[in-house]
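**Student:** The chain contents come next:
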Amino acid sequence: MNGYKVLIGLEMHCEISETKTKVFSSAANSYSDIPNSNIRPVDMAFPGTLPVVNKEAIKKALMASIILNCKQPEYIYFERKNYYYPDLPKGFQITQETKPAPVGSYGSLTYECDDELKTVRINNIHLEEDAASTDHYATVSTIDYNRAGVPLLELVTYPDFHSAKEAVSFLETMRSIYQYAGISEADSKKGQIRCDVNVSIMDENLDETKEENWGTKVEIKNVNSFGGVRDAINYEIERQIELKESGEYDKMEQQTRRWDEESGTTIYMRSKVDAIDYKYFIEPNLPKFKLSQEWLESIKESIPELAPERKEKYINEYGISNYDATIIVKEKAVADYYEDAIKLGANPKSASNWVTSIILGYLNKNDMKISELFFEPKMLVDLLKMIEDGKISSKQSKEVFYKSVEDKKEPSIIVEDLGIKQIGGEDEILKIVTEVLDEQPAAIETYKQGRTNIVDFLVGQVMKKTKGQANPAMTRSMMISEIEKR
Amino acid sequence: MSYMEKTIKELHEDLKNGVVTSDELVKESLKKSHEIGEKYNAFVTILDDAKGSAVTDNLLSGIPYGIKDNYSTKDVLSTGSSNTLKDYVPFFTATAIKNLEKSGAVAVNKTVLDEFGMGGTGTTGHTGVVKNPWDRTRMCAGSSSGSACAVAAGVYPYATGSDTGDSIRKPAAYCGIVGYKPTYGMISRYGLFPFASSLDHCGVLSRCVMDAAIVADNMKGIDKNDMTSWDSSDMHLYDSLNGDVKGKKICYVKEICDIENYPNASDELKSHLENFHKTLDKCRALGMDVEEVSIAKRLLNAVASVYVVISCAEATSNMSNLTGIIFGPRGEGKSYIEMMKNYRTEGFSPLIKRRFVIGSYVLQAQNKNRYFFNAQRVRRLLVDEWKKLYQKYDAVILPVGSGPAKHLDGSLDILDENTQILEEHLQIGNFGGFPSITIPNGFVSNLPVGVNITGNCYDDINVLNIAYALESSMNYRNQIAKEVE
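Residue numbers (the numbering used here), protein chains in the order written: chain V, 1 to 486; chain D, 487 to 971.
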């Protein structure tokens, strides 16, 4: 980006998944593969149906607003955004557009990017309803109204990001907040997160705090994964720089483009002058209501421990490394898993080693979520106990883990099934050590000549004979003392 | 005299005493439905399968009634009198109708309205023009045209209506009956096809104030499906009717009621206003204080525009769900836009399309402040002005319209722009959500005319009591329409 500065703003849509019902409907708010199974008449806009606000959704939206250091409005009310689209059964979306309606205005959030703390200003965060989902086939299109009316939080930032990396770091922080605060699973695979990105470039030596120095804003719609956000931004930066270099930048009008995942490019949709007039007006069926300070206070107090606080706790109380703590808190479900194991008596350090290396390694390799893992925290605790008690070696424990996960059997049963046990009895080990030394007189000679690392080879022989079941530490110390004796 | 020409209380006593059965009432009402339907075109659907219901202590039990066809009724065609819903059979029932069902009331037909309630003539329903039962060459007004016609003609003692501008209270006047819309939100709107949500009210058309009170008692109630509904469980309208109005203070507006405002007044208008002043004398005779108040004419002249702007804006949005994709006869077309366009182009009457264009126009970004926001500001000014009156007066009393029912052939009526305020002032009751009732107060050219009483929000009991007392001092209670030649 030689000579250019990039300004990036985000509109992040995240479904609130953690309410029982939808935002203006009593239909269940739950993801379902069966189309049109979570719907009430209002979700399909049958004549005479009316929206009813879900207080729980407002509570969660206000919680997000508080976490983002936004100002909360005096009154909560909603507006209609009018437009026709097959996925919009009413012909309008109930949302919050005009300030001071949004649940949050003018906030900021500090996030980490490459070990550096950065701050982004939040323009607003508002609560609205999601549209239905559509699928298009060769001759027909299908509409699934399950998603229609699911509560949706739209967060709008100022163009404070300067790289795709910053934007994605912020999105990851937001996902973590939504998960930790119990607002949303924030799972982009379920389509719960969708982003619009705006990108502009300007000459590097100009002052970016002055809006007149900004370049032409290009908005990219419907980017549905963080990887997509990264790629779309980088593509768009390249595209705009090329326009600058070829002298065509000034001809570019403010526009909306679409991210095409398959080709990895952005495609022109419409110019600013063709922008849709949404004819907003206040939703008359939802009377505005005053937000009480008491309610806001109680929401504030009910905000659970978020990732940074947990991380601090892991480092200071559990004594694990900053690196490991960062990995564990990245996904709330993983951190919950880790804390559950500790609550059940696991040693924090051993549990941390297991979670960060073996368990997450396995999940990544198999593209699984920790919630899908058969191996529950209790099983990890059992396994760690067996190692601690010397019943199995740490090498064996890994074998037990994989077998347990694959066969969906508890580790203790696996140990029994495989006949795994660690040979820990002194007599037994001594017998095999003696056997090995008897077979390897040359090695003893080598040792006596001072090349003591030959012990590794001898211990290896013991392991071979015992199929790895001998306690390695005990074997090593016994091996040395037996050689010395000869 | 047939049973269906009696009041609810009389019918209840007859049922209780075994003089007549609910089945017999239903049969009579159905027979009359067919007669009146043929003569005046008042019904979209006649429910020939309707059966009598058990008679309980509820005054409405076992008694037939009619439902305006913009109320959603489960398993019964509900069209809103529009081609866009000509085949629509809902799978849920409006709360207000459910409440009547719970009372044991028996629905016998669905009545014609101006398409989706967006009209005041009774001529725009998809099943054709509704005629006035006093004079077939005249209109019933609208939009609760079929309900007003049927109640006046003695098909049953009452029918439900809805009122966005004057859609209950104007047809009541033209048909010589009672039309009552309670305070906004007293009756749930869940299941009422919306026209303009901030102005829409459910209500009732009946032939006497007591019946209106009984029916509203049974329709009302807070509803978890309508956030604008409120708890009125401690408000008993029927029980509160005592006719004691001594010392009540009411007022009328000079700029609306004074004949001086209408230099070209027709004879009918003159008689109408004279008659109104006679009604005021009756109020005085009942012991009420009647005073004349003055409201800025400029403000009053804005009523009609404010109504058009706000109601059209809300309507265009409310009716965006009518795409023919989920319900209604699906349009043909190569794309969804074409399908929607064809469905809406073919389905809506020209009047509605015109209103959609207005609604869309006033909401456009470049026009919104000038039209929509200004209309909201003036609405607020008007409501504030009326609220000020209610600080001093129990109710405002005004004549309904500029005379009796207008002719269906518009060329027979004399157009007088000066009388616009007389035709439109009832809309103020919708701007403020005020309880408002029209009762018959005499005849002009042998046709009934009405007077309206409007009070402050939540003051329904007071409004009903004043109307009840006034009604009992006149001779038009429970009158049945008789065709005049």
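Derived from the structure by calculation, the hints contain no laboratory data. It is possible that some hints are incorrect.
[Claimed, not checked] With a straight-line cut-off of 27 Å between C-alpha atoms, the simulated DSSO-like cross-links for lysine-lysine are:
| no. | chain 1 | residue 1 | chain 2 | residue 2 |
| --- | --- | --- | --- | --- |
| 1 | D | 768 | D | 839 |
| 2 | V | 465 | V | 398 |
| 3 | D | 874 | V | 288 |
| 4 | D | 537 | V | 288 |
| 5 | V | 288 | D | 710 |
| 6 | D | 854 | V | 59 |
| 7 | V | 467 | V | 398 |
| 8 | V | 330 | V | 288 |
| 9 | V | 81 | D | 854 |
| 10 | V | 55 | V | 300 |
| 11 | D | 756 | V | 272 |
| 12 | V | 272 | D | 854 |
| 13 | D | 710 | V | 55 |
| 14 | D | 839 | V | 81 |
| 15 | D | 517 | D | 873 |
| 16 | D | 827 | V | 81 |
| 17 | V | 272 | V | 300 |
| 18 | D | 874 | V | 290 |
| 19 | V | 272 | V | 330 |
| 20 | D | 874 | D | 839 |
| 21 | V | 288 | D | 734 |
| 22 | V | 343 | V | 5 |
| 23 | V | 99 | D | 764 |
| 24 | V | 81 | D | 710 |
| 25 | V | 20 | D | 827 |
| 26 | D | 968 | D | 878 |
| 27 | D | 710 | V | 290 |
| 28 | V | 290 | D | 502 |
| 29 | V | 81 | V | 251 |
[Stated by the list, open to error] Derived contacts from chain V toward chain D, CB cut-off under 10 Å, selection only:
| no. | residue |
| --- | --- |
| 30 | 83 |
| 31 | 340 |
| 32 | 450 |
All C-beta atoms in this analysis are idealised placements derived from N, C-alpha and C, irrespective of residue type, glycine included.
**Student:** Given the hint that residue 330(V) pairs with residue 288(V), test it: the Cα-Cα distance must not exceed 27 Å.
**Tutor:** violated (38 Å)
**Student:** Are residue 874(D) and residue 839(D) close enough, with their CA atoms no more than 27 Å apart?
**Tutor:** The given pair, whose Cα atoms are some 37 Å apart, is violated under the 27 Å limit.
**Student:** Can residue 340(V) be said to touch chain D, with a Cβ gap under 10 Å?
**Tutor:** At about 39 Å, which exceeds the 10 Å cut-off, the nearest Cβ of chain D leaves the hint on residue 340(V) violated.
**Student:** Please verify whether residue 20(V) and residue 827(D) have alpha carbons no more than 27 Å apart.
**Tutor:** With a Cα-Cα distance of about 37 Å, the restraint between residue 20(V) and residue 827(D) is violated, given a limit of 27 Å.
**Student:** When you check the alpha-carbon spacing of residue 768(D) and residue 839(D), does it fall within 27 Å?
**Tutor:** violated (45 Å)
**Student:** If you draw a straight line from the CA of residue 272(V) to the CA of residue 854(D), is it 27 Å or shorter?
**Tutor:** OK: residue 272(V) and residue 854(D) at ~20 Å, within 27 Å.
**Student:** Decide if the proposed pair is consistent with the structure: residue 968(D) and residue 878(D), CA atoms, cutoff 27 Å inclusive.
**Tutor:** Not OK: residue 968(D) and residue 878(D) at ~40 Å, beyond 27 Å, violated.
**Student:** Compare the distance between the alpha carbons of residue 874(D) and residue 290(V) with 27 Å, and conclude whether the hinted pair is satisfied.
**Tutor:** holds (25 Å)
**Student:** Starting from residue 81(V), check that the Cα of residue 854(D) is at most 27 Å away, please.
**Tutor:** holds (14 Å)
**Student:** Straight-line Cα separation of residue 467(V) and residue 398(V) no greater than 27 Å?
**Tutor:** holds (15 Å)
**Student:** Has the given pair, residue 710(D) with residue 55(V), been kept, meaning a C-alpha gap of at most 27 Å?
**Tutor:** Satisfied, since the Cα-Cα distance of roughly 13 Å is no more than 27 Å.
**Student:** Run the distance test for residue 81(V) versus residue 251(V): straight-line Cα separation, threshold 27 Å.
**Tutor:** violated (31 Å)
The structure fails to meet hints 1, 4, 6, 8, 11, 15, 17, 19, 20, 21, 22, 23, 25, 26, 28, 29, 31, 32 from the earlier list, while all remaining hints are met.
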